[in-house]
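Visitor: Going line by line, the protein sequences match chains L and B.
Residues 1 to 162, numbered by this note's numbering, are exactly what the first sequence covers, in order.
Residues 1 to 95, numbered by this note's numbering, are exactly what the second sequence covers, in order.
Some hints could be false.
[What the hints assert, rightly or not] Listed next, the stretches of chain B that the computed footprint assigns to chain L, with coverage defined by at least 3 CB atoms under 8 Å from CB atoms of chain L:
1. 34-47
2. 78-87
[As the list claims (entries may be wrong)] Label-pair distances were calculated between CB atoms; the ranges are:
3. Val127/L x Gly49/B: 44 to 50 Å
4. His8/B x Ser56/L: 36 to 42 Å
5. Leu137/L x Arg48/B: 33 to 39 Å
6. Leu128/L x Thr70/B: 38 to 44 Å
7. Arg25/L x Thr70/B: 51 to 57 Å
8. Arg84/B x Gly54/L: 19 to 25 Å
No lab work stands behind these hints: they were computed from the structure.
C-beta: ideal position from N, C-alpha, C; glycine also.
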Amino acid sequence: MARVHAGDGGGGDMTIDAYLAALERSLPRISRRRILAEAREHLRDSAATHGAAGLSLHAAEAAAVDDFGPVGIVARRLAAEGAIRETRISTLVALVAVAFFVFPLYVVPENSLPPAPWVEKPRDIFVLQLVSVVIWLTAGALATASAAVAWTRWSHLPLRFS
Amino acid sequence: MRNALKGHVDLLLLSALRARRDAPRRSEGAFDLAEGTVYPSLYRLERRGLVASGWQEVARRRRRVYRLTTSGRGALEKERSEWRAFTRAMEAVVT
């Protein structure tokens, strides 16, 4: 079956290191390490097989890269899967962070708290309310900004490949 | 043939993992996928809990080894029966 070569996004005459460098530039940071390690091992294995079949070192690397597929296509698909993973981890971290602040409100018995110092100071209540509103508005703005950044970064990628 | 594979890569990979064989090799070259495009599918199967993986030292080389989970075996059985029903229906129509 025909392969795609350099000029249309293919590996062409690339070395393994050059291919991995090109791949690295397109991958989300969170999944990059594992994907690159796995691709490196795969390519080295494949190059060793081609070398054992009689190819020179350079030709064996080029053949391994060619078998792996056009770097543009492979990177795009890996990036899409990595983006899903990145989004899931970010969501989990956000939930844990929220739980960290909200959970104590439910588990700390009300009677164990010191008497409310603001009972006789209505102005303090107003300040606390104002601070909490500012915190929630800031958190909301940050969440919206994060969603917007994630959308602009990853919306062009397909979510499923099969 | 590559276009015909769309939608069936999961079934191919799960079957290959169960048989511990190389799907493109078993297909005698018909499913000559670019090797790098298999990884996103493997990662997706892993995310869905159908496949588990880990690094292992094999012949002095570090390799990522994938295996089917119990859920993966269940998913394979389900996809395989759907595939057989589909091919039976196609064969009944396509002459």
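Visitor: A separate judgement is required for each hint: does it hold in the structure or not?
Guide: Tested hints:
1. 34-47: Three-residue rule met by the region 34-47 of chain B, so holds; n is 10.
2. 78-87: Our answer is that it is violated, as 0 residues pass the Cβ test (under 8 Å) against chain L, missing three.
3. Val127/L x Gly49/B: 44 to 50 Å: Roughly 48 Å apart at Cβ, these two residues keep to the hinted range, so it holds.
4. His8/B x Ser56/L: 36 to 42 Å: Since the Cβ atoms of His8/B and Ser56/L sit about 37 Å apart, the hinted range of 36 to 42 Å holds.
5. Leu137/L x Arg48/B: 33 to 39 Å: Because 37 Å falls inside the window, the suggested range holds.
6. Leu128/L x Thr70/B: 38 to 44 Å: Taking Cβ atoms as reference, Leu128/L and Thr70/B lie about 52 Å apart, which means the hint is violated.
7. Arg25/L x Thr70/B: 51 to 57 Å: Since the Cβ atoms of Arg25/L and Thr70/B sit about 38 Å apart, the hinted range of 51 to 57 Å is violated.
8. Arg84/B x Gly54/L: 19 to 25 Å: violated (43 Å)
This entry does not satisfy hints 2, 6, 7 and 8, going by the numbered hints stated previously.
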